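**Q** The listed protein sequences correspond, in order, to chains A and B.
Read left to right, the first sequence gives residues 1 to 86 (the working numbering).
Read left to right, the second sequence gives residues 1 to 130 (the working numbering).
Keep in mind that the hints were calculated from the coordinates and are not lab data.
Honestly, I wouldn't trust all of these hints.
Pairs of lysine-lysine residues, derived as BS3-like cross-links and limited to a Cα-Cα distance of at most 27 Å, are as follows [claimed, not checked]:
# : chain 1 : residue 1 : chain 2 : residue 2
1 : B       : 52        : A       : 54
2 : B       : 104       : B       : 118
3 : A       : 54        : B       : 118
4 : A       : 54        : B       : 53
5 : B       : 104       : B       : 53
None of these values were measured; they are calculated from a predicted model.
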Amino acid sequence: VTYRIILSDLVLLQLHGFPFRARDALIAGLVPVCEDPHNIMHSSPVGDGEDPSKRWVLFDGSAGFARLTVDDEAQTVTVEDLNWAG
Amino acid sequence: MSAQPIHQEPDPQDPESILAVLPEQEHEVFLAEIRQAAHAVGDDITAYRFFKKLLRDWSVRARVTRAALERNPNYYEDLEAARREAETNPGGGMPIEEFIAQHKGITLDEATGYWNSKVEEARLARQSGQ
């Protein structure tokens with residue numbers, strides 16, 4: 001099953017300040033997530049993992065990370081917000 | 001000839017080094033994740049691979065967040081305000097294919113093809129690596 005990736009309104013705002021390369025890197029970083037978002041080698045659970053829908057992932061090597069919400073029923077992964085320091 | 005002490009840089013993936021860089025607001029969540037992952041290793045040693053990845057990822061996250069806070073001392077407040085604003089005026093976000101189309105200046109069909117090809121490449125790479 002391939003999950004649909006949705007960028008939140010906040011992420012769309014944040015991406016305005018990102019250079020082309022970082023946007024490309026974000027797209028590449030989300031590829032493995034869409035196939036198996038709960039795989040711990042693709043994304044990490046937040047905190048003690050009590051809420052399995054909340055996860056986070058690195059992108060652009062060592063320059064950025066994104067917080068995600070996985071909806072297994074709708075089969076979507078929403079990128080909630082980003083931080084990038086490239 | 002006597003042995004000279006070797007100066008070693010602190011390991012950035014050491015949990016203490018991570019805590020030293022990570023803003024205090026995130027200490028609790030970091031410690032919860034490390035605790036959870038360490039317990040998992042106790043139950044199943046193959047979970048060590050994830051434990052190492054988690055430390056590596058947190059060392060990056062600590063540096064990135066510290067940089068954000070240095071650029072903007074109100075980083076957490078601004079992030080929270082932006083979250084609230086996004087919740088107040090939800091637009092439903094945007095599918096990644098639409099974003100790719102805008103980002104690369106291509107049609108939605110082309111963007112969908114691009115995304116699907118990347119997903120397929122990743123799937124094949126993973127299968128060949130297994």
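**Q** Run every hint past the structure and note whether it holds.
**A** Hint check results:
1. Restraint check for residue 52 of chain B and residue 54 of chain A: the C-alpha separation of about 20 Å stays at or below 27 Å, so the hint holds.
2. Restraint check for residue 104 of chain B and residue 118 of chain B: the C-alpha separation of about 15 Å stays at or below 27 Å, so the hint holds.
3. Annotation: proposed proximity of residue 54 of chain A to residue 118 of chain B holds, straight-line Cα distance about 24 Å (limit 27 Å).
4. At most 27 Å may separate the alpha-carbon atoms for a hinted pair to count; residue 54 of chain A and residue 53 of chain B meet this at roughly 18 Å.
5. A hinted pair counts as satisfied when its Cα atoms are at most 27 Å apart, and residue 104 of chain B with residue 53 of chain B does not qualify at roughly 31 Å.
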